[in-house]
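Given next are the chains, with one letter for each unit.
Protein chains: 4
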Amino acid sequence: MKKKLLYGQVGGSLGAFIGGVHRVGASFDGYARLAAGCFSRDPEANRETGEFYELAPDRIYPDFRTMAEAEGRREDGIDFAVITTPNNAHYEAARAFLENGIHVLCEKPLCFEVKEAEELKRIACEKGLLFCVNYSYSGNVLAKEARSLIRSGVIGEIINVNAEYLQEYLVDDVGAGDEAMVKLSSWRKDPAVAGISNCVGDIGSHIEHTVAYMTGLKLKRVAALTDTFGQPLDLNANILVEFENGAHGVYSCSQVCVGHMNGLTVRIFGTLGAIEWVQENPNVLYVTLKGQPTQIYNRGMGYISPEAAAFSRLPSGHPEGLFVAFANIYKAFVSAVLKTENGEPLGPEDLDFPDLDAGIAGVRFIHACVESGKNDAKWVNV
Amino acid sequence: MKKKLLYGQVGGSLGAFIGGVHRVGASFDGYARLAAGCFSRDPEANRETGEFYELAPDRIYPDFRTMAEAEGRREDGIDFAVITTPNNAHYEAARAFLENGIHVLCEKPLCFEVKEAEELKRIACEKGLLFCVNYSYSGNVLAKEARSLIRSGVIGEIINVNAEYLQEYLVDDVGAGDEAMVKLSSWRKDPAVAGISNCVGDIGSHIEHTVAYMTGLKLKRVAALTDTFGQPLDLNANILVEFENGAHGVYSCSQVCVGHMNGLTVRIFGTLGAIEWVQENPNVLYVTLKGQPTQIYNRGMGYISPEAAAFSRLPSGHPEGLFVAFANIYKAFVSAVLKTENGEPLGPEDLDFPDLDAGIAGVRFIHACVESGKNDAKWVNV
Amino acid sequence: MKKKLLYGQVGGSLGAFIGGVHRVGASFDGYARLAAGCFSRDPEANRETGEFYELAPDRIYPDFRTMAEAEGRREDGIDFAVITTPNNAHYEAARAFLENGIHVLCEKPLCFEVKEAEELKRIACEKGLLFCVNYSYSGNVLAKEARSLIRSGVIGEIINVNAEYLQEYLVDDVGAGDEAMVKLSSWRKDPAVAGISNCVGDIGSHIEHTVAYMTGLKLKRVAALTDTFGQPLDLNANILVEFENGAHGVYSCSQVCVGHMNGLTVRIFGTLGAIEWVQENPNVLYVTLKGQPTQIYNRGMGYISPEAAAFSRLPSGHPEGLFVAFANIYKAFVSAVLKTENGEPLGPEDLDFPDLDAGIAGVRFIHACVESGKNDAKWVNV
Amino acid sequence: MKKKLLYGQVGGSLGAFIGGVHRVGASFDGYARLAAGCFSRDPEANRETGEFYELAPDRIYPDFRTMAEAEGRREDGIDFAVITTPNNAHYEAARAFLENGIHVLCEKPLCFEVKEAEELKRIACEKGLLFCVNYSYSGNVLAKEARSLIRSGVIGEIINVNAEYLQEYLVDDVGAGDEAMVKLSSWRKDPAVAGISNCVGDIGSHIEHTVAYMTGLKLKRVAALTDTFGQPLDLNANILVEFENGAHGVYSCSQVCVGHMNGLTVRIFGTLGAIEWVQENPNVLYVTLKGQPTQIYNRGMGYISPEAAAFSRLPSGHPEGLFVAFANIYKAFVSAVLKTENGEPLGPEDLDFPDLDAGIAGVRFIHACVESGKNDAKWVNV
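Residue numbers (this note's numbering), protein chains in the order written: chain A, 124 to 505; chain B, 124 to 505; chain C, 124 to 505; chain D, 124 to 505.
Possibly wrong hints are sitting among the right ones.
A pair counts as met if it fits within one copy or between any two copies, since identical chains are not told apart.
Unchecked claim - Dumping the calculated EDC-like pairs for lysine to aspartate or glutamate here, alpha-carbon to alpha-carbon at most 20 Å:
no.: 1; residue 1: 341; residue 2: 171
no.: 2; residue 1: 126; residue 2: 499
no.: 3; residue 1: 127; residue 2: 177
no.: 4; residue 1: 125; residue 2: 171
no.: 5; residue 1: 125; residue 2: 399
no.: 6; residue 1: 126; residue 2: 167
no.: 7; residue 1: 497; residue 2: 365
no.: 8; residue 1: 125; residue 2: 174
no.: 9; residue 1: 497; residue 2: 236
no.: 10; residue 1: 125; residue 2: 249
no.: 11; residue 1: 250; residue 2: 222
no.: 12; residue 1: 127; residue 2: 473
no.: 13; residue 1: 413; residue 2: 403
no.: 14; residue 1: 238; residue 2: 249
no.: 15; residue 1: 413; residue 2: 464
no.: 16; residue 1: 126; residue 2: 186
no.: 17; residue 1: 501; residue 2: 365
no.: 18; residue 1: 343; residue 2: 499
no.: 19; residue 1: 238; residue 2: 480
no.: 20; residue 1: 462; residue 2: 236
None of these hints come from the bench; they were simulated from the model.
Kindly generate the complete structure, drawing on both the sequences and the hints.
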């Protein structure tokens, strides 16, 4: 019986933002240990990072393919791989690990093309491997509580959704012309690395997932009004959405909205009630029943449902933040991998992490929005 | 030289909501006195209301036409008429007073048809009469401060607008079928009285006006996704908008969003900064300059611009609410009527109230949204 | 049967702050009309104000004594007097009207000395006259709802109170020496006019009343740490309080707290729940039951108790502010005076306005705080 | 040259709250590794915890004294000890590690008696050892920014302080008599384990430290009104404070305030401005300059001072919570220990963690409050 897991990381050399958050998130519960990695294409940065984490020198790899093959062969090979590279490497890296029998946790968006996403799903199914796409915000306890409340029927049938993800950090790009690419260099703005979308791909996809996670609704079609402001990729999008149940709504995502740092806000309106959750202050959830006062749910209190409370780590009033959201994604995924490795069956309660279906839905959403955006916001099926 | 004005009211018998707010708003500054009225088609309610306000018996009229003609003939006739009936009477009543040489303040929406609105403008121009359409929220000091800041250029060129007006009070209508019309009777849901739209007409039009007032931007076209939920008129709408300067945005209005009572929130995003104003707490304004902390402007402080501060009645921290917004609409309109009656010229600073152009824009907006809503949210020019 | 009342005003010439708020408040419901006044010791300002309100010339009086006597003699004399002078004139003016058989509504603090306050009560009782002390904040609907909830027992026995009233507007006085009296002239800082206290008298007394109004608790003793910062009177006070039921708490009032404009916040903690009310956003009330989510009560909703809802004038989400709080003080007082004048009996439900007992309690509180403040915050009985 | 440190833990077996937070906090930056421990007096729990963290069996100790001596003798002994036991073991454990030449990070309050605290300081000085007392809230970036702003003089001279730490979790203890000790068993309520105070000791001491950390002010005396509600130790306290610079203020701490989970709020008022920080939403800081709009500082933005920004781990809008506050305490302490171990000199910038002077100040504060509380809130010098 395995009690703990080993993992390897692709990308995320010392100093990289999201790669470091992954390592902290993975370490919270003590069930996963970093044992291998190819952290950078820069050999020096790669080595330094591996040494800092005291990896065996032969497990610091020059590229993900070598790593996937070597680790797949080792008796004590890693149990899962964590992919934290820019978007353009996701697909090939994920595929390599799957093909070598290694479970995968990959940053979002999953990949560029829908058919790639479906191919990953095919391989994972075939090999019986688990795959997590890191839509980290659904790791928050109160995002889970929102889901739990909505599932319970307490807000009734969903009739309208209003969600947004607003940032200001690229506002200087507006009208900046080609210089912007140089001045404010970011791979997210480079189609070769980011893919067909910047804003919708990076943050709009979080709206799509968070709403889907909370509500279980399927998107039917979108009408996306996008703005590039002279840049190669979108910086702003206002998107009408229609769900398969007939409900409508609007998603707004932007990297040029001054005053908003990382403003993911989700509001779900039902026939009997509504919920609102604001990522920047994730420890509260606003719940209103028709005709009643709005209630401020507080993570860590006794009224939180057991399935959400299982992820709460601190008493209420002791704020949990993004690192804990990551830790919760890892908690669910690592626990499921452990069970799988030990031959234990997985129930639905073991799968509370974003999977390949979530990843596929994200890629579809991005494609539909981009196509709509290029066609004057016409409706495009997701 | 007139020092004070007389006015008459159409609609607004004792107990009616908005008519009473008008009377209080008109009375705040002591420059206008109620002198005539036809408050109700119910003669008893009409008489009672007139007597309560100690009107001369011969100035309590059975209908607006009689009133317009009689007051137009009197030496001491009313200086302006206030129209606070349901929507379907606006046009005929406004026209009657204009034709009898009486200035008009009319509830919004101005009327049903664009050509009616233009006809009112034609008559008012011809007769040299002032006309105010009561988009009351632009009477708030900090809505004026938002306009002042935007005009000053401090937030740069506007690139995105996100505004909403959400209410919950009709949520029981969703899927209620014909019974809803009976059970939750409201003229706002009856096309014969409300016109072609309920939600967009009643509250969406406030979004349109408030944004136009603050920004000075002209709407070019809209793509409106509307929901009737089985009722004759719309209860919910998510609307993509495009302005003539090329900026995009989204307007959401709803009467079925649980948790929102009267949630008009306007967020204007520019290349250098942004403002946010929330009607439910109108005494603060959020102003952010690029890269800087959000600032909470407080009505009544020394940094408020003179043109907005001129309408502030209480020291900061002493909340002003909707009655004051109405009082400010009246303050500007009554002052302009006084000047006009006294033969004084009016400058732009005297016209800080919503005029017939605002009223026309509102009717155009409603028509465009309804047409778009009936055509799967296709773009419709405003 | 009287259907409406006449009133006269002392103080409050055109341009004065609080006097104007009174006139608007009195006019909201249409049951009281200004008929007499001595608005200023400056004859010109006095006359101008009277003329603006179209008073009969013989009812514009040179002083309150003449006014009290003349109006007391008139067949159509005023039913009540409104006293809106600086503090030092309250007692004599109130006494003069009472002695001439006229009901009184007086600004707070009621007077300088406890024995004066008791004398006013003696005369009012003897003459069967009503007396309202304008602690305006208890006119707010949700202050009434707080009282209603506490009376209902829903928060249990009160065990702790934390209330504050913070302003910044005198911060420049700190250490400014004698020049401050000149530079920032305000009668509130002049002991001859304001009495023995500035900060506690002006705003601390509002804390005392609001808590007493909501809870019904009697103060037993106070320990007040006061700061004059070199000025003649206090600018800041932190006050420990003990109630007769044994509960403790703290009141903080200040005119030198930057960032706070008019920050009256009251938090009442009981064994089963708690309420919090913030005057600057008076349309919401925070209610928490032990172990449950905080609920945001919204003025105007169906769950508001009938006795509080009776004072709500606008649908929820349409903000009411200070003018409405004043209007509600007048609504209750005017209605009680009308009943009294018509010989109708008054029940407890008719007396929901601050009376002479509230006024006396306020004077006692101020004296106790000042004495404690001069004695190193020793305990002083109220 | 050491690049990383080893540490051992006293207390904090698997499942204990604060001990686990320490381990996560220590692991964030990868510079400290758990190498030894005595986690529980229960041998089974002790062993299990040590095994979970893969400690060498001989470094899982039965008691802290054995551990201190053994680790002190080892060549590869731990560099520092982390003490996360209930309060009554702090002093002896801390002393044991110091005497064996091992740096110490200890939970607060440091110990029971002032002379114990001073003894620890004497030993640490004598041995040249570093000592951190875990007042974790000062690890928050914006608590550091508050300090930085206050030091810069931007808010002027401090004239008033208003701080509170409110919780509801013991409200059922009010009047519960002896049964409460059984029913709601907690060592914090047991004088033998918690010391002379429960509420002031546990959370009041956080107020004292956070204010001292931000302002640099020294407390001169306190007047504490405490409530035990029939329990052995205090559950509620309202405390007047006087600082050596003459400024006054009030501290309120409570475990019986319904609606407050972990509400540490600090407001510092100066002659030129004010700051407010709320632990439950630690990623924003309210800063107001006299006469100006309140500014909402956002952790992670460019305007944050370098000394505070050095501790920020995520871009703004990505919330950091309590784990990060702990990680920051560790970051500063571990970095100072590393330098010390490597013989590098420490500058003031290396000592941004709460030290023994902070610990001593906390014990003095608790004693003064308890003495005052037992003497009817008389002033007691700190």
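| task | Evaluate residue 341 and residue 171 at a C-alpha cut-off of 20 Å and name the case that applies: within, between, both or neither. | result | neither (44 Å within a copy, 45 Å between copies)
For the identical chains here, do residue 413 and residue 464 meet the 20 Å Cα criterion within one copy, between copies, both, or neither? neither (47 Å within a copy, 44 Å between copies)
Review point. Can you tell me if residue 238 and residue 480 fall within 20 Å by alpha carbon in one copy, between copies, both or neither?
Key: Only inside one copy: residue 238 and residue 480 sit 12 Å apart there, 53 Å across copies, limit 20 Å.
### Task
Could you figure out if residue 413 and residue 403 sit no more than 20 Å apart (CA to CA) within one copy, between two copies, both or neither?
Between. Shortest inter-copy distance 19 Å satisfies the 20 Å Cα cut-off; intra-copy 26 Å does not.
Exercise. How do residue 250 and residue 222 come out at 20 Å by Cα distance, when the copy is not named: within, between, both, or neither?
Worked result: within (8 Å within a copy, 58 Å between copies)
inquiry  = Regarding residue 127 and residue 473, is the shortest C-alpha distance of 20 Å or less found within a copy, between copies, in both, or in neither?
reply    = Classified as within: same-chain Cα gap 17 Å, cross-chain 37 Å, threshold 20 Å.
Between residue 497 and residue 365, at a C-alpha cutoff of 20 Å, which is it: within one copy, between copies, both, or neither? Cα proximity of residue 497 and residue 365: in one copy and across copies (19 Å, 15 Å).
For the identical chains here, do residue 238 and residue 249 meet the 20 Å Cα criterion within one copy, between copies, both, or neither? within (16 Å within a copy, 67 Å between copies)
Open item on the list: My question is about residue 125 and residue 249: at a cut-off of 20 Å on alpha-carbon distance, are they close within one copy, between copies, both, or neither?
Closed with: neither (23 Å within a copy, 48 Å between copies)
At most 20 Å between alpha carbons: which applies to residue 125 and residue 174, within, between, both or neither? between (26 Å within a copy, 14 Å between copies)
Between the shortest in-copy and the shortest cross-copy C-alpha distance, which are at most 20 Å for residue 125 and residue 399: within, between, both, or neither?
neither (40 Å within a copy, 49 Å between copies)
Q) 20 Å Cα cut-off: does residue 501 pair with residue 365 within a copy, between copies, both or neither? A) For residue 501 and residue 365, both the intra-copy (13 Å) and inter-copy (14 Å) Cα distances are at most 20 Å.
The earlier numbered hints that this structure contradicts are 1, 2, 5, 10, 15, 16, 20.
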